[in-house]
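My request is simple: use the sequences and hints to build the entire structure.
Line by line, the protein sequences give chains A and B. Under the working numbering, the residues of the first sequence are numbered 517 to 801, in order. Under the working numbering, the residues of the second sequence are numbered 27 to 344, in order.
No wet-lab data here; the hints were simulated from the structure.
With a Cα cut of at most 20 Å, we get these calculated EDC-like pairs of lysine to aspartate or glutamate:
1. B:Lys-36 - B:Asp-204
2. A:Lys-656 - B:Glu-78
3. B:Lys-36 - B:Asp-319
4. A:Lys-658 - B:Glu-75
5. A:Lys-689 - B:Asp-62
6. B:Lys-267 - B:Asp-222
7. A:Lys-578 - B:Glu-187
8. B:Lys-343 - B:Glu-243
9. A:Lys-529 - A:Asp-732
10. A:Lys-519 - A:Glu-580
11. B:Lys-334 - B:Glu-244
12. B:Lys-29 - B:Asp-222
13. B:Lys-317 - B:Glu-330
14. A:Lys-741 - A:Glu-530
15. A:Lys-578 - B:Asp-185
16. B:Lys-241 - B:Asp-222
17. B:Lys-317 - B:Asp-146
18. A:Lys-689 - B:Glu-78
19. A:Lys-529 - A:Asp-769
20. B:Lys-267 - B:Asp-299
21. B:Lys-324 - B:Asp-146
22. B:Lys-28 - B:Glu-245
23. A:Lys-658 - B:Glu-78
24. A:Lys-656 - B:Glu-75
Computed far set for chain B versus chain A, every beta-carbon distance over 10 Å:
25. Thr-33
26. Ala-148
27. Glu-210
Virtual Cβ for every residue (Gly too), placed ideally from N, Cα, C.
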Amino acid sequence: MVKERIRDIEKLKEIASQVRRDILRQVYSSQSGHPGGSLGCADLLVALFFNAMRHNTSFNRKGEGEDLFFLSNGHISPLLYSVLARSGYFDVKELSTFRKLGSRLQGHPTTHEHLPGIRMSAGSLGQGLSVGIGAALSKKLKMEDNYVFVLMGDGEQNEGQVWEAVQFAPHYKVDNLVAIIDVNGQQIDGPTEQVMSNRDLANKYAAFGWKVLHMDGNNMVDAVKTLAAAKNACGNGIPIAIMMKTEMGAGVDFMMGSHKWHGVAPNDEQLANALSQLPETLGDY
Amino acid sequence: MKKFTYTEKKDTRSGFGAGMTELGRKNPNVVVLCADLVGSLKIDTFIKENPERFIQCGIAEANMIGIAAGLTIAGHIPYATTFANFGSSRVYDQIRQSVAYSNKNVKIAVSHAGLTLGEDGATHQVLEDIGMMKMLPGMTVINPCDYNQTKAATEAIADYEGPVYLRFGRPVVPVFTDADQKFEIGKAWMVSEGTDVSIIATGHLVWEAIQGAEKLEEEGIIAEVINIHTIKPLDEAAILKSVAKTRCVVSAEEHNRIGGLGDSIAQLLIRNDLVPQEYVAVDDSFGESGKPDELMKKYGLDAESIIKAAKKVIRRKQ
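In structure tokens, the structure reads:
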């Protein structure tokens with residue numbers, strides 16, 4: 517069924533709180549996964565799946581008449597799985613199988629296990645924007661007036677393929693495409709500025725021919741507003757890029773402000789501490 | 027043995043181009059992508075007739091593979107085209123994750139495979155692509171032998187749902203298969219029946235195998251010649267049936283000895299019916315600049331090498 521749009525910001529914040537609980541409990545349960553970036557992007561994905569996107573939770577891989585979302589930084593899979601389950605693509609109970617043998621919730625999202633809501637495998641970085649462009653071109657050829665959203669990490673901008681795609685989209689006026697870059701300033705080996713500086717990422721995209729918007733990715737009001745602005749800016753012959761400032765680990769005080777929680781699971785005590793900071797709003801799975 | 031003649035020589039890439047022209051006219055879902063090699067891929071007519079269904083990607087093959095994968099989602103059938111080296115080894119991870127693992131209906135159609143690319147030399151002469159591609163779960167790997175077979179294969183793979191690697195070449199070679207043939211993916215073509223040795227060839231080596239078999243016949247050796255155009259899935263039944271009769275095999279391909287058709291055959295024989303096998307293939311080396319014919323002779327990929335290998339493998343079975 518077509519997902520109803522939620523416009524109440526407080527309601528969206530409640531969902532985000534539950535999604536953050538889901539992320540932590542999944543990663544804790546398998547003692548494996550990537551909580552930092554998942555927590556940081558939680559508000560964005562809630563804003564996308566519960567407010568901005570037109571999509572149908574009785575999943576059809578082709579996505580005719582729907583807005584599409586592609587996760588390029590596939591390691592924040594616990595976030596995507598939670599949002600898909602909470603949207604109604606599959607039972608939230610299945611979140612308990614995350615990263616375990618025989619699960620459809622693989623370490624990185626895949627079409628291979630036929631999990632509803634997933635249209636492309638992701639994990640090896642740098643590929644999602646190209647895929648999103650292909651899907652956007654396909655929608656144009658089929659005269660569909662839907663949007664395609666792609667989320668990438670800022671560390672991922674190190675990959676050469678990203679820049680092949682960045683030069684392609686304006687050349688072909690792919691103006692039904694919104695690329696969102698999670699600017700949390702962190703990657704595995706440390707701060708992005710130290711590992712491989714992105715310098716002025718917004719101006720780089722602008723120089724390639726993109727319209728650039730800015731968003732506070734951990735502010736639900738701003739997330740909803742900026743996604744609406746991005747959709748409004750579509751259809752003018754120019755692809756849209758959103759520089760989304762987030763805090764890795766957002767919502768859990770001791771996980772914020774560091775790359776250390778990129779790919780580490782919390783222990784018993786840390787989980788209890790983290791969950792105490794996040795109200796259980798929709799009921800744990 | 028059955029006699030094969032030809033009236034003209036054509037390049038297999040032109041067979042691909044002719045196939046794309048047909049597809050452009052009959053299948054509205056077919057889309058072509060190219061990485062700045064339109065002239066080399068012979069897709070000018072498709073582009074002229076279907077400009078809205080052609081996507082020039084520039085010299086950016088990784089992005090091209092990703093876009094092709096994205097195009098499949100709503101039901102388009104993208105043919106991603108470039109040279110074999112740039113459509114395989116350069117973009118292996120993109121093919122692995124976005125095409126094969128994601129099971130996307132992408133057709134990777136590549137020209138200038140192997141040594142016969144010629145003067146450009148080893149940087150462009152990929153001899154490892156069959157191996158790389160056949161190792162990907164779910165990938166179909168096809169290497170047709172002449173213009174007509176390439177044209178037929180090009181059209182046939184549009185009707186098959188799943189990722190395909192279609193490999194063809196640059197030089198003009200004899201056109202000896204039927205113009206109106208039906209191409210069946212995964213089905214071997216019995217070129218000529220024989221009793222003494224099975225010569226199993228793919229791509230440009232099929233004509234060489236026929237030439238070799240004719241000379242062997244003059245010496246009283248009756249070779250069975252089989253064309254394996256689909257290296258994966260391999261027509262195991264056809265090969266096992268042949269070796270049950272001949273009890274020895276020569277495999278012939280324009281590819282590294284390691285990882286190609288020969289290795290697929292060897293695996294099959296080890297598991298089912300162990301008979302001697304000789305490889306006609308590049309012996310684990312890179313190529314070099316030269317004319318296609320000179321290179322094929324120097325690297326032992328011609329009728330002479332097939333004859334030698336056949337005689338050797340017949341001795342080994344005794």
